[in-house]
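Please model the complete structure; the sequences and the hints are all you need to start from.
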Amino acid sequence: MSNVIVLDNGGGFIKAGHGGERDPVTVIPNCLYRPLSSKKFLHPSPTASASTEDLTSAAVRRPIDRGYLINPDLQRDIWSHLFTSLLHITPSNYSLLLTEPPFTLPSIQRATDELVFEDFGFKSLFITDSPKLVHLYEASKRPDGLISKAQCSLVVDCGFSFTHAAPVFQNFTLNYGVKRIDLGGKALTNYLKELVSYRSVNVMDESFLMDDVKEKLCFVSLDIARDLQVARKRGKDNVLRCVYVLPDGITHTKGFVKDPDEAKRYLTMTGADSPSLETIKGIDRPELSEKLEDRRRIDLTKNEFELTNERFLVPEMIFHPADLGMNQAGLAECIVRAVNSCHPVLHPVLYESIILTGGSTLFPRFSERLEMELRPLVPDEYQVKITTQEDPILGVWRGGSLLASSPDFEAMCVTKSEYEELGSARCRKRFFH
Amino acid sequence: MDDDVSNSFRRMSSRTRKVAPRMAAALASSDNRTQAAIARLEALENDYAGMEMVETNDDDEASLDDDDEGYLQKKQSKSTKRKTRQAKALENARKAPRNFLELLHEANLESLPPHVPSYLKAAVGPPSSTCRRHFCTVCGFLSNYTCVRCGMRFCSIRCQTIHDDTRCLKFVA
Numbered sequence: 014m015s016n017v018i019v020l021d022n023g024g025g026f027i028k029a030g031h032g033g034e035r036d037p038v039t040v041i042p043n044c045l046y047r048p049l050s051s052k053k054f055l056h057p058s059p060t061a062s063a064s065t066e067d068l069t070s071a072a073v074r075r076p077i078d079r080g081y082l083i084n085p086d087l088q089r090d091i092w093s094h095l096f097t098s099l100l101h102i103t104p105s106n107y108s109l110l111l112t113e114p115p116f117t118l119p120s121i122q123r124a125t126d127e128l129v130f131e132d133f134g135f136k137s138l139f140i141t142d143s144p145k146l147v148h149l150y151e152a153s154k155r156p157d158g159l160i161s162k163a164q165c166s167l168v169v170d171c172g173f174s175f176t177h178a179a180p181v182f183q184n185f186t187l188n189y190g191v192k193r194i195d196l197g198g199k200a201l202t203n204y205l206k207e208l209v210s211y212r213s214v215n216v217m218d219e220s221f222l223m224d225d226v227k228e229k230l231c232f233v234s235l236d237i238a239r240d241l242q243v244a245r246k247r248g249k250d251n252v253l254r255c256v257y258v259l260p261d262g263i264t265h266t267k268g269f270v271k272d273p274d275e276a277k278r279y280l281t282m283t284g285a286d287s288p289s290l291e292t293i294k295g296i297d298r299p300e301l302s303e304k305l306e307d308r309r310r311i312d313l314t315k316n317e318f319e320l321t322n323e324r325f326l327v328p329e330m331i332f333h334p335a336d337l338g339m340n341q342a343g344l345a346e347c348i349v350r351a352v353n354s355c356h357p358v359l360h361p362v363l364y365e366s367i368i369l370t371g372g373s374t375l376f377p378r379f380s381e382r383l384e385m386e387l388r389p390l391v392p393d394e395y396q397v398k399i400t401t402q403e404d405p406i407l408g409v410w411r412g413g414s415l416l417a418s419s420p421d422f423e424a425m426c427v428t429k430s431e432y433e434e435l436g437s438a439r440c441r442k443r444f445f446h
Numbered sequence: 002m003d004d005d006v007s008n009s010f011r012r013m014s015s016r017t018r019k020v021a022p023r024m025a026a027a028l029a030s031s032d033n034r035t036q037a038a039i040a041r042l043e044a045l046e047n048d049y050a051g052m053e054m055v056e057t058n059d060d061d062e063a064s065l066d067d068d069d070e071g072y073l074q075k076k077q078s079k080s081t082k083r084k085t086r087q088a089k090a091l092e093n094a095r096k097a098p099r100n101f102l103e104l105l106h107e108a109n110l111e112s113l114p115p116h117v118p119s120y121l122k123a124a125v126g127p128p129s130s131t132c133r134r135h136f137c138t139v140c141g142f143l144s145n146y147t148c149v150r151c152g153m154r155f156c157s158i159r160c161q162t163i164h165d166d167t168r169c170l171k172f173v174a
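Chains as they are written, first to last, in our numbering: chain A, 14 to 446; chain B, 2 to 174.
Quick caveat, the hints were computed from the structure, so don't treat them as lab data.
Just so it is clear, CB atoms sit at the ideal spot from N, CA and C, and this is done for glycine as well.
Incorrect hints may appear among the rest.
Claimed, not checked - Simulated coverage check for chain B against chain A, where a stretch passes if three residues somewhere in it have a Cβ under 8 angstroms from a Cβ of chain A:
1) 113-127
2) 132-141
Said to hold, decoys possible - Quick list of in silico lysine to aspartate or glutamate cross-link-like pairs, DMTMM-like style, CA-CA up to 20 angstroms:
3) A:Lys-136 <-> A:Asp-421
4) A:Lys-442 <-> A:Glu-423
5) B:Lys-89 <-> A:Asp-86
6) B:Lys-122 <-> A:Glu-113
7) A:Lys-246 <-> A:Glu-319
8) B:Lys-122 <-> A:Glu-319
9) A:Lys-277 <-> A:Asp-336
10) A:Lys-229 <-> A:Asp-274
What follows is the structure in C-alpha cells.
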C-alpha cells in the first residue's frame with residue numbers, strides 16, 4: 014500500500030483513499046448533520062453502505078461555500094473523523110494529494126496549508142486542480158485515443174457548487190481559459206426544493222431528501238417545447254408525471270419513487286433505449302401488493318407529491334441560467350468561450366475531446382443535450398465529441414490516484430520542513446500552473 | 002383604491018395602511034426588483050438558511066438545560082461582564098466562519114492587472130442572446146404575463162389568483 018492519501022475534497026462529497034488504487038476507500042458527504050432527535054452535529058456515514066440514519070429535516074453545516082473552503086474548523090473536524098475512523102491512518106506518516114478548485118483565494122490557500130501541516134502534520138502535500146486529474150485519467154485509459162495523443166482536452170466539471178469548463182494542455186490546466194457558471198448540484202436541489210415547496214409540500218428543510226428526488230427523477234429534456242406540452246396533458250397521456258412518497262418515519266425513513274416504471278416512461282417519448290419493463294419493476298417498491306390503479310392515484314393520507322415539468326426544468330437551468338434571472342451564459346456557450354480563449358490551433362482538438370465529469374452530469378441525456386446545443390455554436394469543419402466518464406463522481410479521484418502512484422510524485426510535493434521554512438505563499442509557487 | 006378598502010373595513014388592522022406607502026416606494030424603483038432577484042439567487046446558492054434558523058432556535062431552547070454549554074457561558078458572562086464580552090466578541094470575529102463573498106471582497110481581486118486570470122474573470126459572463134424564457138412561477142409552464150406589482154410571471158388567470166393570494170410581493174417587500 015502506498016503512503017499517499019488522495020483526497021478529493023468536494024463541496025458535496027469527500028472522496029478519499031490510498032494512491033494507486035482504483036477506487037477510493039470511502040465517499041462521505043462533506044458536511045455535519047444534525048437530525049431532529051439530536052442536539053449535536055454528527056458525522057454522516059459513508060454513502061456506499063445502506064445507511065439507516067434518519068435524515069428527515071436534518072440541519073446541515075458545510076465547510077465549503079460556493080466551492081471554496083471557508084470554514085477550516087469544520088473541515089478539520091470532518092477530516093479528523095475521516096482519517097481516524099474511516100481511513101485508519103496517522104497523517105504524519107503519509108503524503109497528501111489534495112484537490113482545490115481553480116482560482117482559490119490566497120487566504121483560503123493559507124488556511125488549507127495550515128490545516129494540512131499544522132493541524133494534521135502530513136509529511137508532504139501536493140495540491141492540484143481537478144481538470145488536470147480528469148484529463149490524466151482519461152488519457153491513461155485510452156493510450157491511443159486523441160486525448161492522450163494530442164495531450165489536450167476540455168474538461169467540463171459540473172459538480173456540487175459550480176460548473177467549470179477548463180482547457181487542459183500538456184497536463185496543465187490553462188487557467189486563462191477556465192470559465193465558470195455559478196450553478197451546480199446544490200443550486201439545482203435548492204431550486205427543486207423551492208418549486209416543490211411552493212406547489213405541493215413544504216420541503217425547504219429536507220435537503221437530503223430532495224437530493225434523492227433530484228437524482229432519481231430529474232432528467233434533461235431534449236425538446237423543451239414538446240416536453241412542456243406533454244407535461245400539460247391529463248391522465249395517462251402524461252408520461253412525465255410521477256409521484257414521490259415522502260418518508261413517514263414509521264415504516265420507511267427514506268423517501269421513494271412510488272412507481273419506478275412510471276418514472277421511466279419519459280424514455281419512451283423518443284423511443285430510444287427504453288429499458289425493458291421487467292428490469293425496472295420492483296426496484297425499490299415496498300408495497301408490491303399494491304394494485305396498479307392504486308398507484309396512479311395520489312393518496313392524501315400519505316405524504317406524497319407529484320412532479321411533472323419540474324423534472325426537466327430543474328436541470329434545464331444549467332443550459333440556460335438566464336431563465337433563473339442569472340446573468341450568465343449556458344453550458345454550451347461556456348464551453349465555446351473557454352475554447353475561444355485558447356490558441357486557435359487548439360480549437361479543433363479541444364472540441365473533439367470534451368470530457369464530462371462531476372455528479373451533475375449524471376442527469377439522463379445530459380451529454381445528448383449538450384451536443385445538441387453545442388453543435389450549432391461550433392464551426393462546421395470541427396468535430397464535436399463528448400466523452401462521458403463511467404463514474405463522473407470518482408473521475409477526479411481516480412486521476413489523483415494515478416498521479417500519486419507515478420514515480421516522481423514525491424519530488425513534486427512540498428514537504429513539511431519546506432513549509433515551515435518558507436511559509437505557505439512560497440510553497441504554493443510550486444503548484445502554480 | 003386602497004383608501005376605499007380601509008374605509009369600508011374599519012375593523013381591519015391598521016398595519017396594512019402603514020405598510021402601503023413603504024411598499025409603494027419600494028415598487029416605484031426598478032432597483033428593488035433587481036435586488037429581489039439577486040437575493041433570490043443568493044438564497045439558491047447559500048441555502049440551508051432555513052436550517053440555520055432552526056439551529057439558533059434550538060440553541061435557545063437548549064440553554065434551558067442546566068448542563069448545557071451555552072448556559073454555562075451565559076453564567077460566566079454574568080459574573081465578569083465586560084471582559085468576557087469583549088474577549089468573546091474578538092474571538093467570534095476571528096473565528097466566525099465567514100462566507101465566501103466576504104473573503105472574495107477581502108482578497109481585492111479587482112486590483113490585479115487585467116491580464117491575470119482570477120476568480121472574477123473566470124465567470125462566463127452574460128449570454129450572447131438576451132432572450133430569456135419565462136416560466137410561470139405558479140405552475141412552471143411558459144408564461145406570457147407579468148405581475149404588475151412584483152414582476153413575477155404567471156401564465157393564466159388561474160395562476161394569477163394563486164399568485165396574488167400566496168406569493169405576490171414576497172420577494173420584493
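Status of the hints after comparison with the structure:
| no. | hint | verdict |
| --- | --- | --- |
| 1 | 113-127 | holds (count 8) |
| 2 | 132-141 | holds (count 8) |
| 3 | A:Lys-136 <-> A:Asp-421 | holds, 16 angstroms |
| 4 | A:Lys-442 <-> A:Glu-423 | holds, 17 angstroms |
| 5 | B:Lys-89 <-> A:Asp-86 | holds, 17 angstroms |
| 6 | B:Lys-122 <-> A:Glu-113 | holds, 18 angstroms |
| 7 | A:Lys-246 <-> A:Glu-319 | holds, 14 angstroms |
| 8 | B:Lys-122 <-> A:Glu-319 | violated, 41 angstroms |
| 9 | A:Lys-277 <-> A:Asp-336 | violated, 26 angstroms |
| 10 | A:Lys-229 <-> A:Asp-274 | holds, 12 angstroms |
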